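**Q** Here's the letter readout for the chains.
There are 2 protein chains.
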Amino acid sequence: MSDLTAQKMKQAFEILREKELDCWLMLDRESGTMGHTDPSLDLLLPTTIIGLTAFLLTMDGKAFAVAASYDTHNLEGTGLFDRVIPYEMDMREPLVELLREMDPGAIGVNDSEEDFVADGLTTGLMRKLGRMLEGTPYAKRITSAEDVAASVRSRKIAQEIEAIRGACDTTREIWSELTCYLKPGITEMQAMTFIHSQCERLRVETAWDSRWCPGITAGPSSVGGHNPPSDQITLEPGTLFSIDFGVRRDGYVSDLQRTWYIPSASHPQPPEEVTRAGATLRRSIWAAREAMRPGVPGYEIDTVARGIITEAGYPEYKHALGHQVGRSAHDGGTLLGPAHWPRYAEKSQGRLETGNVFTIEPGIQTSLGRYGAEEMVIITESGAEWITEPQREIWVTQA
Amino acid sequence: MSDLTAQKMKQAFEILREKELDCWLMLDRESGTMGHTDPSLDLLLPTTIIGLTAFLLTMDGKAFAVAASYDTHNLEGTGLFDRVIPYEMDMREPLVELLREMDPGAIGVNDSEEDFVADGLTTGLMRKLGRMLEGTPYAKRITSAEDVAASVRSRKIAQEIEAIRGACDTTREIWSELTCYLKPGITEMQAMTFIHSQCERLRVETAWDSRWCPGITAGPSSVGGHNPPSDQITLEPGTLFSIDFGVRRDGYVSDLQRTWYIPSASHPQPPEEVTRAGATLRRSIWAAREAMRPGVPGYEIDTVARGIITEAGYPEYKHALGHQVGRSAHDGGTLLGPAHWPRYAEKSQGRLETGNVFTIEPGIQTSLGRYGAEEMVIITESGAEWITEPQREIWVTQA
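Taken in sequence, the protein lines are chains A and B. With the first letter of the first sequence counted as 1, position 392 gets the number 392 in my numbering; the numbers rise by one all the way through. With the first letter of the second sequence counted as 1, position 96 gets the number 96 in my numbering; the numbers rise by one all the way through.
For the record, the hints were derived by calculation from the structure and aren't laboratory data. Quantities reported herein were computed from a predicted structural model and do not represent experimental measurements. Mixed in with the good hints there might be a few duds.
Stated by the list, open to error - In silico PhoX-like cross-links for lysine-lysine, where the CA-CA straight-line distance does not exceed 25 Å: (1) B:Lys-128 - A:Lys-128; (2) A:Lys-140 - A:Lys-62; (3) B:Lys-62 - B:Lys-140; (4) B:Lys-62 - A:Lys-140; (5) A:Lys-318 - B:Lys-128; (6) B:Lys-140 - A:Lys-128; (7) B:Lys-318 - A:Lys-128.
Go ahead and model the full structure; you've got the sequences and the hints to work with.
**A** Structural data, given as structure tokens:
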């Protein structure tokens, strides 16, 4: 972890240069018991602090911390800072003095309306910062570091990609076990309990709220989505069973969907309605992946995938095509969403960057249940590669 | 948990009436993967959401949520809301319509410079809220709900106190094992490893960052505090061994310090310097507890305890006497700190309330090492009671 944060900090310096932001300032307090207030600090700081602390990263590759005296030993121990400046009573004076010395033209803070991973500064701390800088030239140099925060989070480095692949590997291991377990008569809830027991066996947490991770949709009457599974709905022969699932391993998560067909006596193999839906979903996903490369805006990818679904005569999926994955299943930054839906519009204008990890998750409702498909790709300089083996045909459970 | 949040919500309504705040508004997003942005929602909400959600609690005991359509089923399932209002594209319209209907005179948001548990609104979401309310009379009715947020968090209800007591019980169980384990020659790091193995056996997490939970101080040369233990410093006969430790159980934590004497051939029992320091610390703690009752400002308690330490000829401890404990080891709200130290001043002006759980933790440096003592009390209508059995005399390890 400490090696990872050192590399992410190095990457942050490069991104500050690229985006021409002189100084990135983050504030944090009480992260030892509550976790970091600011999600960017999860990436950059291999430790926690108690007192109010200012972290300053500069375009010319320097890192400073202004910290309560009881936190400085710990911060110095990380080896990440050029200087850790202690204060006893009040941060104001050493902070202003440091800014005088640096004299940054712009000071970016983590403030974003649309991107929660770039919105780590709280209202009270923003005001406190304003008050500390009152009467100095720096008060007016405060700007949003949104782009920097989003890129540092979104451009995954090798170690992060490896961790995400690890989470995908564990997810696939659980599916293998699940495929042997699934059969008609099992309830949605039993399937979840089985998956959770596998998580425990493999010592991983679920990637999101364990009450709907996995999200389970068995047959046409299931609610699915971000809702707990049912203990009433059972796997019925001749229907679809679809799960949306991921695990957290080494701090990073997977987020993938897979679909099974439950064979019936009359239809031991999936009927044509199902194979057609599956083929359409795969065409949509493969085409989206083909269209992905650095510089392309997120909404263009959604347009490609959505078009294939609707041209095949299916209704539009009611969500974005995909989102980024990393320390969170929804990891902020650019989204693959429709350009004209207010909910997604701004974030879908963002452009794909090398190192982004995206899901591609169209979906089709069939008369036998939801056909869910969600794959994960990594953007490389020349295109997009699978993070893990995609589902190439529907899986069939025991009869 | 869902029972606890229902009770805390009921308590929140009472506190809104008491503090005469018409409406308490909280915003949250992506809490399923990142945890709640706002610490108040940990207390009030037994579930997580994905999309941007507004929670509104009113003085007359109503709870509303304005949520993305995919989150509403889940929120309705909690049974906590009078109404869950869905939006598809944009929260603005249903939120403004709801406010029109309620017409609150003041709308409190979680914004606090000094109290991190009451500072849950991020800068970007504050601006987004302002933009949504633009052109309505409500934009100017935004105020800070700091006092409400702090009281809801600080006034522990029976179920919370029970959970804290449970964490204390587990802590004491670990100390019993530790007392049998400790002996001369063991390193600080070995003591920590032993404690962590007990945590694993008892299936509890440490109360704060496990790299310095327990915080260990063995003998006079140890760094102690919020720093990892040493693998060089060993328990030496004739010195003190002090730990600052707590665990998390059912979402609530303990935070207690205990001190052991390591017997030497010449001094099988603690020398007078040690017994005198211990007696002084206990007098200081007992007097602080005696002085505690609802309505007394935090700094008065610090003055009582600090006075006993300095009158006995010891230097002042360099921190506040005590802090609140709950879901976090440092749980925000009123502090027992010195009135004139800028770092603590504002929060130490707060007054003790029934249901507050405080630590009392003076400390004395002896020539044989740090004598740490930290007890926990609960404020009742008539005074303060121990949360768990205090340390009444120093413990002695094996020789």
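**Q** Look at each hint and say if it fits the structure.
**A** Here is how each hint holds up against the structure:
{"no.": "1", "hint": "B:Lys-128 - A:Lys-128", "in the structure": "holds (20 Å)"}
{"no.": "2", "hint": "A:Lys-140 - A:Lys-62", "in the structure": "holds (22 Å)"}
{"no.": "3", "hint": "B:Lys-62 - B:Lys-140", "in the structure": "holds (22 Å)"}
{"no.": "4", "hint": "B:Lys-62 - A:Lys-140", "in the structure": "violated (42 Å)"}
{"no.": "5", "hint": "A:Lys-318 - B:Lys-128", "in the structure": "holds (24 Å)"}
{"no.": "6", "hint": "B:Lys-140 - A:Lys-128", "in the structure": "holds (21 Å)"}
{"no.": "7", "hint": "B:Lys-318 - A:Lys-128", "in the structure": "holds (24 Å)"}
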